[in-house]
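K.L.:
Full structure from sequences and hints, please.
Protein chains: 4
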Amino acid sequence: MSSFWGVNIRLSVFGQSHSEAIGAVVDGLPAGFRIDIEKLRSFMRRRAPGRSGLATPRREDDEIEFVSGISQGALCGAPLCMIIRNRDARPGDYSEFADAPRPGHADYTAAVKYGGFQDSSGGGHFSGRLTAPLCAAGGVCLQILEDRGVSVGAHIQSIADVADGRFDPVKAGAPDFERVRQNPLPVIDTAAGAAMAERIERARAEGDSVGGVIECAVAGLPAGLGDPMFDGMENRIASIVFAIPAVKGIEFGNGFESAGLRGSENNDPFAYDGGRVVTSTNNHGGILGGITTGMPLIFRAAVKPTPSIRAAQKTVSLSMKKERELTVKGRHDPCIVPRAVPCIEAAAALAVLDAWPAPNHK
Amino acid sequence: MSSFWGVNIRLSVFGQSHSEAIGAVVDGLPAGFRIDIEKLRSFMRRRAPGRSGLATPRREDDEIEFVSGISQGALCGAPLCMIIRNRDARPGDYSEFADAPRPGHADYTAAVKYGGFQDSSGGGHFSGRLTAPLCAAGGVCLQILEDRGVSVGAHIQSIADVADGRFDPVKAGAPDFERVRQNPLPVIDTAAGAAMAERIERARAEGDSVGGVIECAVAGLPAGLGDPMFDGMENRIASIVFAIPAVKGIEFGNGFESAGLRGSENNDPFAYDGGRVVTSTNNHGGILGGITTGMPLIFRAAVKPTPSIRAAQKTVSLSMKKERELTVKGRHDPCIVPRAVPCIEAAAALAVLDAWPAPNHK
Amino acid sequence: MSSFWGVNIRLSVFGQSHSEAIGAVVDGLPAGFRIDIEKLRSFMRRRAPGRSGLATPRREDDEIEFVSGISQGALCGAPLCMIIRNRDARPGDYSEFADAPRPGHADYTAAVKYGGFQDSSGGGHFSGRLTAPLCAAGGVCLQILEDRGVSVGAHIQSIADVADGRFDPVKAGAPDFERVRQNPLPVIDTAAGAAMAERIERARAEGDSVGGVIECAVAGLPAGLGDPMFDGMENRIASIVFAIPAVKGIEFGNGFESAGLRGSENNDPFAYDGGRVVTSTNNHGGILGGITTGMPLIFRAAVKPTPSIRAAQKTVSLSMKKERELTVKGRHDPCIVPRAVPCIEAAAALAVLDAWPAPNHK
Amino acid sequence: MSSFWGVNIRLSVFGQSHSEAIGAVVDGLPAGFRIDIEKLRSFMRRRAPGRSGLATPRREDDEIEFVSGISQGALCGAPLCMIIRNRDARPGDYSEFADAPRPGHADYTAAVKYGGFQDSSGGGHFSGRLTAPLCAAGGVCLQILEDRGVSVGAHIQSIADVADGRFDPVKAGAPDFERVRQNPLPVIDTAAGAAMAERIERARAEGDSVGGVIECAVAGLPAGLGDPMFDGMENRIASIVFAIPAVKGIEFGNGFESAGLRGSENNDPFAYDGGRVVTSTNNHGGILGGITTGMPLIFRAAVKPTPSIRAAQKTVSLSMKKERELTVKGRHDPCIVPRAVPCIEAAAALAVLDAWPAPNHK
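Chains as they are written, first to last, in my numbering: chain A, 1 to 362; chain B, 1 to 362; chain C, 1 to 362; chain D, 1 to 362.
If you're looking for bench data, these hints aren't it; they were derived computationally from the structure.
Don't take each hint at face value.
Heads up, the list lumps identical chains together, so a pair's fine if it works in one copy or across two of them.
Only pairs whose alpha carbons sit at most 25 Å apart, straight line, appear in this in silico PhoX-like list of lysine-lysine [what the hints assert, rightly or not]: (1) 171 - 322; (2) 329 - 314; (3) 362 - 39; (4) 321 - 39; (5) 171 - 314.
P.N.:
As structure tokens, then:
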């Protein structure tokens with residue numbers, strides 16, 4: 001595995017779906033910063049399973065235990081280690097998949113890579129549960145960024161065939177992000193949110209699943225962050241967003257749409273706004289040449305439908321080397337997208353803070 | 001800058017559009033491998049400017065000088081350094097943009113990041129010219145992969161509003177890749193290719209530009225490559241593909257389309273094919289859990305329209321802190337997409353070889 | 001901080017002397033390997049405080065809690081996280097040193113670097129206590145190496161003015177290492193060991209401290225490990241050995257002594273021994289050009305005397321910006337050298353395994 | 001190989017003794033800094049072969065060609081690539097050693113690691129010639145450090161049995177460094193220098209070689225540089241100093257001597273000197289807990305005697321699998337130590353600048 005990430009911020013994520021605990025170590029955070037625990041808890045709750053009827057019935061309170069890195073109530077420069085106990089684990093549910101890999105899951109590739117020794121229980125370290133420590137780490141970064149005037153927000157851009165509106169690429173900011181979070185599903189257009197909930201509910205009723213797209217914006221950034229060619233903002237964000245299971249695509253600014261435009265349509269004119277260089281449109285998504293322009297950084301990530309569905313599926317028996325049928329039981333999300341929204345925010349926060357060399361202390 | 005990349009393969013890319021030379025250092029290649037120079041030259045020609053009426057009139061033969069890493073005609077374990085002279089450089093063309101940044105270019109962000117000391121000539125190290133050493137490095141990797149039975153091919157998926165067909169996600173392989181390369185533009189459907197050429201020509205005539213999408217496939221891969229969470233195949237490929245200027249999005253397998261599907265539609269059933277585990281469809285694009293399945297690895301990259309266009313554009317004067325108009329002169333591609341095709345192949349080859357820990361020698 | 005280390009093995013060490021726990025994450029270990037817990041415990045005990053009258057009276061059982069990375073009793077490919085609770089912590093002992101830095105300690109440099117927010121309790125993350133997770137990680141690596149026929153052993157080369165004998169540089173191996181461990185202090189010459197114990201005891205009685213040198217040998221290595229120029233065996237071992245507090249020097253093979261020899265004395269003739277290339281002497285310490293020769297890899301590390309002594313010392317008050325006296329109370333080792341012996345073995349094991357690219361599973 | 005190094009400064013070194021050229025890429029240097037070419041040349045001359053009768057008769061002018069990274073006479077933020085042509089190469093001299101490895105050289109380990117495909121000519125990439133690009137890169141860093149008030153100097157501490165004096169560990173600075181450089185050999189005590197020259201000359205006359213120790217000091221450092229545990233100043237400096245061929249040991253401050261002292265002797269009292277915290281002695285060598293204290297950073301490196309000697313030596317024939325004699329001809333230094341002095345300064349400068357996160361531009 002490669003469970004280590006980062007240049008200025010160093011992150012190590014560990015744990016399996018049903019190991020004793022999962023967690024993260026984060027190094028490079030500024031000493032003296034005080035984590036708002038209640039705020040972090042509230043951020044974690046946005047990702048937690050068992051929160052609404054729309055997600056898996058597995059219940060975890062995801063309470064963070066601060067193992068190290070804090071002294072006198074503030075970050076102390078030593079690596080921050082946070083662990084989260086796995087309480088509602090049911091290892092027995094998954095034994096079958098080590099031999100009969102679930103279509104769309106990592107069961108088969110894990111068996112090849114780890115020689116059959118992988119932890120197949122609950123998807124092991126491929127489980128979406130590993131996004132909890134990612135959120136813990138990213139949640140701390142979000143607070144540090146906020147302290148520097150940077151806010152990060154995401155909403156569901158689409159689920160199945162239902163599309164939400166988009167953030168205003170020029171003006172998106174904290175109030176928009178806050179508004180989205182007040183809704184049952186994090187969307188701009190509440191009617192779209194209701195239709196999405198209906199699609200998820202229908203998929204669940206039919207033992208099927210749906211996917212979607214998440215849009216994320218980072219507002220309040222200074223110009224000049226990002227290190228091209230290989231640690232530009234796009235490279236950096238992509239390198240961590242693809243660590244979130246089920247993400248199969250990412251685009252920045254206009255993204256794939258820009259491929260159909262002409263330069264005269266896609267270029268964003270520069271202008272002055274109160275002594276500050278801005279662009280009057282933001283098709284570039286706040287990044288030019290891999291470096292932030294100071295405009296909102298905007299990207300979208302495609303999330304595939306949860307592969308765990310109720311219908312019988314064709315697979316193989318690795319031990320018997322023949323084809324067979326498989327029915328996946330157990331507790332599964334009919335749609336991972338709503339819970340992935342804070343994960344995307346966390347990943348964005350980590351990537352931005354990683355691009356921001358800062359003093360060792362406040 | 002962060003011009004270093006890789007874990008098992010280490011890559012350093014250097015140079016500016018109008019520096020004395022550009023080049024790459026590649027470490028970690030297997031000693032004893034003999035580079036087919038003529039084949040590498042031919043690969044480089046697919047990227048070279050001045051090849052057809054569709055691209056920039058700047059002419060560079062892009063002849064590679066092998067500075068180090070070769071002994072007795074074979075790789076010797078020492079880092080391979082290759083340099084390419086900049087012959088047809090015209091530094092004078094660009095002086096204006098240091099103060100009046102071109103919309104859609106890195107002129108502004110470079111000025112902020114490097115305090116006005118950036119090499120603004122020809123876009124400096126943000127220039128598409130830097131993809132030449134990327135192609136040199138990737139071209140060598142392509143040959144090493146071929147020696148291991150792996151082939152890499154890409155085609156133009158779309159330019160402006162014209163779409164090509166897609167590679168067969170289950171059966172794509174070397175013959176398909178070869179066929180595509182025989183066409184004036186690298187496409188599957190020659191009629192689409194003709195229409196694309198027309199769009200490019202029209203954009204040029206109108207002093208404008210067009211973008212497009214490139215699809216890439218890697219065939220013949222073993223199962224088991226890739227190191228999740230952070231060096232899975234998607235993370236790895238994305239981290240290098242976004243080093244190619246103008247790329248604004250990437251998707252794997254079904255990508256953004258999968259977000260609109262149900263799990264029952266998107267999951268690929270496992271099956272046996274002559275003792276080998278395969279999937280009967282390939283919506284997953286050859287990657288599950290960040291690890292190769294052995295099916296063709298498929299991804300698409302969105303390329304924005306070249307920002308250099310003839311029309312007058314709104315920008316600012318950084319020194320005078322006021323808005324002004326700018327007309328970009330000089331030699332520019334109306335469409336970078338055809339020349340980006342081998343760059344995408346090169347990036348894919350580097351990423352795949354980087355995920356493939358191999359002996360120090362043949 | 002930079003608490004992350006490694007290329008093929010990735011290590012993250014976290015914790016402070018008096019934080020809730022300390023621990024390590026290790027990634028890249030071969031799936032399927034079964035850790036011998038009892039053996040690991042016994043290795044940890046060699047480092048543990050409170051073991052004999054010669055060390056600090058602080059008592060910690062250093063029981064390892066395996067948080068993740070194990071499934072069905074074997075390593076599963078996911079990162080191994082191990083934590084060790086801090087039970088006998090007495091944070092109150094150290095508050096004074098945040099303002100009045102102890103001579104020879106990191107109190108002052110930590111205050112500068114972390115702006116006064118460092119955890120000054122017990123030395124925070126500069127404490128020798130952080131070598132416990134290093135030993136846990138290295139202890140696992142030692143077992144994996146043993147499984148490959150490689151054994152690692154260290155002994156006290158000197159304490160104060162008392163010198164032990166040296167390992168036979170050509171023939172040193174597991175039996176020698178085992179013999180050393182049977183002694184009250186890990187030495188070759190038991191008479192020297194007794195004299196060392198006397199020096200330590202005398203230093204303690206006088207409220208002072210003594211330092212020493214540790215010699216380490218790695219036997220059974222294949223030729224060919226190590227990646228010059230920057231990840232050769234010397235670079236690699238030094239980069240982790242200097243993470244052990246109080247180490248101020250390292251030398252390989254003949255080391256500083258070779259500086260006084262002639263080439264004709266220092267060169268080791270090559271010979272054949274049963275079809276295997278060997279050297280008849282081993283002044284090179286098993287490393288030529290940064291790469292193992294297959295002869296025992298031998299190095300020595302200098303450990304300074306523990307800076308915490310009873311005598312009053314001159315220091316400054318950072319807040320009052322004036323000079324003052326300081327008397328260090330609390331529990332301290334009069335000599336850290338005996339407990340550093342397993343730490344050096346652990347560091348060597350980590351460095352060797354890091355240089356040994358191996359399959360993902362047994 | 002692992003020819004890449006660094007965190008904040010990224011370095012790639014390439015080339016073989018007899019390849020077309022050798023060179024280095026350095027990324028992360030501050031844009032806007034103007035390299036003093038004449039000064040760099042003069043620094044390079046201190047390392048160059050053929051300078052005096054005491055070194056190898058191979059003559060290279062080591063003129064640096066600046067390939068990239070400079071614009072308008074100043075660093076521009078893009079990676080600096082410098083190459084040095086190999087002019088006086090005589091590949092024919094070395095063919096024998098691929099089969100009959102020279103004792104004390106990397107011939108054997110290279111053959112094992114690279115499967116016989118290594119460039120054995122002149123030691124290939126194991127050659128001391130590779131320290132030329134290290135000096136080019138380090139020479140630039142020295143100038144940048146000087147601009148920040150930091151100076152680096154080294155002298156020969158000993159050759160064979162002749163010892164020089166030592167830098168004053170508390171007061172060493174630029175004037176001392178300059179004085180040393182005025183001498184025929186870089187020493188403090190000119191009488192010792194004369195005796196050293198005699199030892200070298202005698203070794204040459206007898207076809208033998210001698211080694212020595214180099215002492216290096218870095219003055220003018222701020223307190224607070226260095227990132228423990230794994231990127232502390234000792235780890236960082238060691239990781240690059242061991243890239244210099246023939247270095248077999250390193251010690252900081254009192255180093256191995258401190259192992260024989262008591263804490264009460266070795267501890268350095270803190271004091272105030274004009275509002276600045278200093279230590280009244282400097283046994284700690286300017287580093288506590290891996291972090292600079294602001295006192296001169298002092299280390300010593302042991303350099304083994306050049307393994308190439310005239311006397312017949314015992315070795316093996318790898319192809320015939322039997323023992324044989326070998327007589328090494330060709331041009332060789334009877335003592336590498338004088339030429340290694342600027343290499344050590346260069347390595348120190350790179351390590352210090354790497355620990356110094358700084359703005360992207362002046």
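K.L.:
Each hint should be assessed against the structure and marked as holding or not.
P.N.:
Going down the list of hints, with the structure as the test:
{"no.": "1", "hint": "171 - 322", "result": "between (57 Å within a copy, 21 Å between copies)"}
{"no.": "2", "hint": "329 - 314", "result": "within (15 Å within a copy, 59 Å between copies)"}
{"no.": "3", "hint": "362 - 39", "result": "within (20 Å within a copy, 39 Å between copies)"}
{"no.": "4", "hint": "321 - 39", "result": "neither (51 Å within a copy, 39 Å between copies)"}
{"no.": "5", "hint": "171 - 314", "result": "between (48 Å within a copy, 20 Å between copies)"}
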